[in-house]
Amino acid sequence: MGKRQISDLQTSELVVTLLISNIAAIPMQNTGQPLVSGIVPIAVLICCEVFISILMLKSSKFRRVVCGRPIVIINDGKLQQQELKTLRMSTEDLFEQLRQMDVFSIQDVAFAIIETNGKMSVLKKFEKQPPDSSTLGVVVPDNGIETVVVSDGEISDFSLSLCGLSKDWLHGIIQGQRIKLDDIFIMTANKNKDYYIVKKEIRT
Amino acid sequence: MKRLVVTSALLASVVGLCCFELYSVNKIYNEAHDIVYKMQDDIKNNYIQDAVELGDELSKLWQNNNVLLSIFIQHESLENIEQTIELINTSIKKSEESDFWMESSRAIIQLQNLCETEFPSIGNIL
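Chains as they are written, first to last, in this note's numbering: chain A, 1 to 204; chain E, 1001 to 1126.
So here's chain A without its partners, still in its complex pose:
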């Protein structure tokens, strides 16, 4: 299942999660029940889940059987009423989900797809999409990712390497600012060596 949240889980994964939590509760509640009687089915369910996820990666047919397929409910601006009926999705549900996607008029939507995990993906009509830098012909500087290089006085080597920065650079900045490392609450930086420092609040 990886690091996905409950809302991102496939139906089969959600069922396995619920089953595991229920089975784990049985030997905890009943002291007369041996722990092994809970551990064995949990281990079997975990194994099944891993094997199924590997099978789903390898075979698209198997994946379709287990997860289903995404369903297009608005196709080229046209509402697919039959698909809504198949999904047992009311117009209120549709508009609620559209509003959650910051779409307040159905006329703005070119495509709306219900994904296999139940979430809706929306593509707005071309004329309703906000212009980006390439459309406007504006060159935007690439600052890379901004990472937290110091958190609560502790240097993050991983974040520094992610930005291609060194500890020497960091110590140089700290000395230049005339502050101690322990006094820094958060320090962020990017690959262009732009940084931002938040000092710790002094308790009175």
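Treat each hint with caution, since some may be false.
[To be verified] The following residues of chain E were derived to be distant from chain A, with all beta-carbon distances above 10 Å:
#1 1018
#2 1021
#3 1043
#4 1048
#5 1065
#6 1076
#7 1102
[What the hints assert, rightly or not] In silico DSS-like links for lysine-lysine, alpha-carbon gap of 30 Å or less:
#8 A:125 to A:78
#9 A:180 to A:191
#10 A:58 to E:1002
#11 A:78 to A:119
#12 A:61 to E:1002
#13 A:128 to A:78
Keep in mind that the hints were calculated from the coordinates and are not lab data. What you are looking at is a predicted structure, and each value in this text was computed from that prediction instead of being measured. Don't be surprised by glycine CBs; every beta carbon is placed ideally from N, CA and C.
Guided by the hints, dock chain E onto chain A, whose structure is given.
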């Protein structure tokens, strides 16, 4: 690939554990079952002293394996069998033959149930 190997190892351990459980339960069932039948024969032939010795042997067998069995089997059914074994021994020592026959028959049924419920047959799974 790493996850597949770990999962396969986990599954193999679970299967191994289940096989070990089946083997242990079957072995203890056979031993206990034989002792109870021998005790019944001894009582039938009026060899009371031999039956008393076999009763002690049965108690010892059950006490030695109780910890192992309680890892896999519901404690309630194990306690029931333990009580029945104690009642068998008491009835022989007090020469209460009718109680002995009743308790020994109950012990055989309880042991059979224990063995049958742990066996992975289609009936048990469904």
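Worksheet item: Between residue 61 (chain A) and residue 1002 (chain E), is the straight-line Cα distance small enough, at 30 Å or below?
Response: holds, 24 Å
Item to complete: Verify that the Cβ of residue 1018 (chain E) lies farther than 10 Å from every Cβ atom of chain A, and report whether the claim holds or is violated.
Response: violated, 7 Å
Fill in: Interface exclusion of residue 1048 (chain E) relative to chain A, criterion Cβ beyond 10 Å
holds, 36 Å
Practice prompt. Determine whether the non-interface label on residue 1043 (chain E) survives the test: each CB of chain A must be over 10 Å from its CB.
Written response: holds, 33 Å
Discussion item. Holds or violated: residue 78 (chain A) and residue 119 (chain A), Cα atoms, limit 30 Å.
Written reply: OK: residue 78 (chain A) and residue 119 (chain A) at ~19 Å, within 30 Å.
Worksheet item: Holds or violated: residue 58 (chain A) with residue 1002 (chain E), Cα cutoff 30 Å?
Response: This hinted pair holds, its Cα atoms lying about 16 Å apart.
Worksheet item: Hey, does residue 1065 (chain E) actually stay past 10 Å from chain A on C-beta?
Response: With a cut-off of 10 Å, residue 1065 (chain E) remains clear of chain A, as the shortest Cβ separation is near 14 Å.
Fill in: Status of the stated non-contact between residue 1102 (chain E) and chain A (beta carbon gap over 10 Å)
holds, 26 Å
Worksheet item: Do the alpha carbons of residue 128 (chain A) and residue 78 (chain A) lie within 30 Å of each other, as the hint requires?
Response: Holds, at roughly 16 Å.
Worksheet item: Should the label of residue 1021 (chain E) as a non-interface residue stand, given a Cβ cut-off of 10 Å to chain A?
Response: Not fine: 8 Å to the nearest Cβ puts residue 1021 (chain E) too close to chain A.
Worksheet entry | Nearest-CB test (10 Å) between chain A and residue 1076 (chain E) | Not fine: 5 Å to the nearest Cβ puts residue 1076 (chain E) too close to chain A.
Practice prompt. Compare the distance between the alpha carbons of residue 180 (chain A) and residue 191 (chain A) with 30 Å, and conclude whether the hinted pair is satisfied.
Written response: Judged against 30 Å, a Cα distance of about 23 Å means the pair holds.
Against the hints set out earlier in the document, violations occur for numbers 1, 2, 6.
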